[in-house]
Every structure is written in C-alpha cells, then in structure tokens.
Amino acid sequence: PVLYTMVESGRRQRRKPRLYPAVIALLVATGSFGITQVHAQDTSISLEEAVEAAVENYPSLKAASVEIERQRALRPAALDLGNTRVYTGSEEVGNGLPGIRNQVGVVQSGIDLLGIPAKDQLNRAGTELAVSGYALAERELVRDVSISWYRAFAARKQWELYVQLDSVYAGFLKAAELRHKTQETSRIEFLAASAKYKELVVSLTRARSEYSAALEVLNRYLVLQQGFDIDTTGPEVPNDLATLPGWISDAPPVRFYQDLATVARAEWKVERASLLPKFEFGYTRQSVDGERGFYGWETGISMPLPFNSQLARTKAAKLNAEIARHDLREIQLEIESSYRELLTRYRSVAGMLEYYQAEALPLAEEQIEAANLGYRLGSIDYVQFIQNVESAMNTRQEYLRNLENYFVIKEQLEYLTGI
Numbered sequence: 483p484v485l486y487t488m489v490e491s492g493r494r495q496r497r498k499p500r501l502y503p504a505v506i507a508l509l510v511a512t513g514s515f516g517i518t519q520v521h522a523q524d525t526s527i528s529l530e531e532a533v534e535a536a537v538e539n540y541p542s543l544k545a546a547s548v549e550i551e552r553q554r555a556l557r558p559a560a561l562d563l564g565n566t567r568v569y570t571g572s573e574e575v576g577n578g579l580p581g582i583r584n585q586v587g588v589v590q591s592g593i594d595l596l597g598i599p600a601k602d603q604l605n606r607a608g609t610e611l612a613v614s615g616y617a618l619a620e621r622e623l624v625r626d627v628s629i630s631w632y633r634a635f636a637a638r639k640q641w642e643l644y645v646q647l648d649s650v651y652a653g654f655l656k657a658a659e660l661r662h663k664t665q666e667t668s669r670i671e672f673l674a675a676s677a678k679y680k681e682l683v684v685s686l687t688r689a690r691s692e693y694s695a696a697l698e699v700l701n702r703y704l705v706l707q708q709g710f711d712i713d714t715t716g717p718e719v720p721n722d723l724a725t726l727p728g729w730i731s732d733a734p735p736v737r738f739y740q741d742l743a744t745v746a747r748a749e750w751k752v753e754r755a756s757l758l759p760k761f762e763f764g765y766t767r768q769s770v771d772g773e774r775g776f777y778g779w780e781t782g783i784s785m786p787l788p789f790n791s792q793l794a795r796t797k798a799a800k801l802n803a804e805i806a807r808h809d810l811r812e813i814q815l816e817i818e819s820s821y822r823e824l825l826t827r828y829r830s831v832a833g834m835l836e837y838y839q840a841e842a843l844p845l846a847e848e849q850i851e852a853a854n855l856g857y858r859l860g861s862i863d864y865v866q867f868i869q870n871v872e873s874a875m876n877t878r879q880e881y882l883r884n885l886e887n888y889f890v891i892k893e894q895l896e897y898l899t900g901i
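The sequence shown: position 114 = 596 (the numbering used here), numbered continuously.
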C-alpha cells in the first residue's frame with residue numbers, strides 16, 4: 483500500500499508503457515482530431531433553423547409553389563370562345579353576272595358557353611389540388627428534415643458518450659499499468675486494459691464518422707455550402723412525454739387525396755360537358771350585282787355524335803373519378819392503421835424514456851463512478867470493472883436508441899395529424 487501510494491502520487495519516476503504511444507497516437511489522429519474538427523464547424527443549427535433552411539432552399543417545395551402559380555394562370559382558359567375565321571368570296575357568279583360578292587366575312591365557331599361552368603370548376607379544383615400538394619410536400623419535408631436532424635442529434639450524443647468513456651478507460655489503463663508495475667497483478671490484466679482502450683478508440687472513430695454521415699444526410703435537405711454542427715444546448719426530451727398528438731381528420735395526405743378525387747370528378751364533368759352543343763355565329767358584308775350595302779348573318783350549333791370517341795372519353799373519365807374515390811378510401815384506411823400503430827409505439831417508447839430518465843441513467847452514472855473508484859482502490863478486479871462499465875454503457879446507448887426512436891415516431895405522428 484505504501485509503494486502504491488508513492489507511485490500513484492507521482493513521487494516515483496515511472497516509465498511509459500510500450501503500448502501507450504501507439505494507442506495515444508491513434509487517439510490523437512482519429513478521436514481527438516475528430517473532436518476538434520466537429521467543434522470547429524462554423525454554425526450550430528437548431529431544429530427550427532434546419533426546418534426553416536429546408537423550406538427556403540429545397541427544390542421540390544419550390545416546384546410545388548410554381549405549380550400553384552401555373553394552375554392560377556389557367557383560370558382564364560375556362561372561357562372558351564372557340565375559333566375565329568375571316569374569309570372573302572363570291573356566290574352565284576356566272577353568265578356575265580357579278581353575283582354576290584362577300585367582301586369580308588367573320589365566323590366565330592366552337593363557342594363553348596355551356597362548358598364554361600365545368601371548366602371553371604376544374605380550374606378551381608386544380609388550384610386547390612396544387613395548394614394541398616404544396617402543403618403535403620411541405621409537411622413531408624418538415625418530417626424528413628426533423629427525422630434527419632434528430633438522427634444527427636442522437637449520433638452526436640453517441641459520439642459524446644464515447645468521448646466521456648475515453649477518460650474512464652484512460653484512467654483504467656493507467657491504474658492497470660500501475661498495478662502491473664507494482665506486481666499486484668499479472669500482465670494479463672494490463673493487456674486486457676490496453677485492448678479495451680484500443681477498442682474504445684476504434685468505437686470513438688466510428689461514432690464520429692457516423693455523426694459526420696448523419697450531418698451529410700441532413701444537409702441534403704438544407705443545401706448549405708458551409709459546414710455546420712447540431713445545436714445540443716436545448717433539452718433532450720420534452721417534459722410532456724405523456725401528451726399525445728391529435729387525430730388524423732385533417733391529415734395532409736387525406737386532404738391531398740380528397741382534392742385529387744375532386745379534380746377527377748371535375749374532369750369527368752368537363753368531358754361530359756363536351757357532349758353539349760357549341761355555338762356558332764357569322765357576319766358577312768356583301769355586294770349584290772355590284773351594289774354595296776348588303777350583309778348576311780348566320781348562327782347555329784354543333785355537337786358531337788353520341789357514339790363517337792368523345793363518348794368513350796367521357797366514360798373513361800367517369801371511371802377515373804371512381805378510381806380516385808377508391809384511392810381516397812384506401813389512403814384513409816392506411817393512415818388510420820398507421821396512426822394506431824404509431825400511437826401504440828409512441829406510448830411504449832415514452833414510458834421507456836421516463837424509466838430511463840428516472841432510474842436507469844442515474845444508476846448507470848453511479849455504476850461507472852463506483853467501478854472507476856473501486857478498481858483504483860483495488861476492491862474489484864479488471865473483469866468486474868469492464869463488466870460494470872459495459873453494462874452502464876449499454877444502458878446509455880439503449881436510452882439514446884429509444885430517444886431517437888421516440889423523436890422519429892413523434893414526427894411521423896405529427897405528419898399524419900397535420901400538426
């Protein structure tokens with residue numbers, strides 16, 4: 483004990499272990515350098531900032547916004563006045579007679595007055611579909627960005643966990659070296675400590691790489707040019723774990739499919755209106771036998787025969803409207819089923835997080851501290867130390883996995899409920 487105290491307090495010169503330089507070099511080249519690089523990022527992005535950047539920059543949302551403008555630009559197309567024909571010519575000419583001279587004539591044909599209401603309804607439905615499509619694209623983007631951000635958040639926490647364990651295992655290796663030098667234990671214990679420390683360095687490097695990969699996935703939505711980091715200053719878990727999201731009556735996918743069914747029905751009405759008569763008007767300025775001041779006019783209607791291709795298109799449009807109605811019902815059933823499944827998982831994961839926060843995490847922290855102190859004092863051997871630290875490590879990792887799962891389920895529920 484006296485010799486142990488002297489060596490531990492630094493009163494006696496100690497040689498560096500031969501295995502240490504390689505381990506420390508590997509840590510500096512990978513783990514410690516990675517820590518410096520991640521913290522050296524220019525910007526720390528919160529969840530709200532990530533969502534705002536994605537909504538501003540993501541191309542698909544811009545395309546959905548342009549689609550709204552396109553549909554609004556089609557609104558005047560409902561007023562279909564047909565085609566204008568301008569002509570000139572002569573009638574009853576021959577036998578030396580000048581006949582009737584049509585100096586100029588104008589005919590407006592294909593005036594679809596009876597189809598205007600149906601076309602206007604289709605244009606309005608198309609605009610509503612574009613608006614709901616934008617809302618759906620925005621909700622999908624917010625969901626995907628939030629899930630990617632939370633996964634990067636969890637990867638960051640995993641990496642920080644390994645950084646914390648680095649100091650624990652560094653102390654473990656130092657104590658094992660001291661025991662080996664004072665011949666309290668065999669070389670096997672020192673080699674085991676060295677192996678565990680090297681294993682930790684590899685895990686630390688892998689955790690940093692996974693965090694960097696998670697940031698790359700997130701940046702696919704943010705489209706940022708400079709480097710950034712995840713802002714972890716806020717609370718990990720909201721206090722209202724028991725609060726459940728609302729019902730799915732106003733879910734963005736349901737609204738989109740409702741508008742899709744409305745458009746299909748409006749298209750059928752437009753095709754049906756194509757069977758209605760179209761009007762035609764004409765006016766001609768004439769000269770008869772060389773005398774000016776005469777005019778002619780004509781009016782009429784045109785309509786397709788009931789057995790032509792237009793009737794087939796009308797029937798197909800009606801069937802398409804029926805298909806859209808069934809698709810709407812199918813998506814409603816799928817969303818209701820997904821909502822119930824996610825709600826069950828949400829309650830389960832929320833309960834597990836409450837357990838981890840109240841009991842498991844404090845116990846894991848105490849377990850690491852006790853193992854570290856016990857090994858230094860010699861009350862436990864290296865096997866017990868490793869077992870206790872790995873048990874506490876598994877508890878923390880399981881907590882982080884449940885935390886990530888909780889946030890993913892939460893975002894999926896908010897997407898379905900339209901929150």
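Honestly, the hints are just simulated from the structure, not real lab data. Any given hint could turn out to be false.
What the hints assert, rightly or not - Calculated lysine to aspartate or glutamate pairs in the EDC-like style (CA-CA distance at most 20 Å, straight line):
1. 639 <-> 896
2. 751 <-> 594
3. 680 <-> 648
4. 639 <-> 602
5. 639 <-> 698
6. 639 <-> 836
7. 680 <-> 698
8. 639 <-> 816
9. 544 <-> 626
10. 656 <-> 836
11. 678 <-> 872
12. 678 <-> 648
13. 751 <-> 620
14. 544 <-> 594
15. 678 <-> 851
Note that the structure is predicted; figures quoted are calculated from it, not measured.
TODO: Starting from the hint list further up, note which numbers the structure goes against and sort them upward.
DONE: 1, 4, 7, 8, 10, 13, 14
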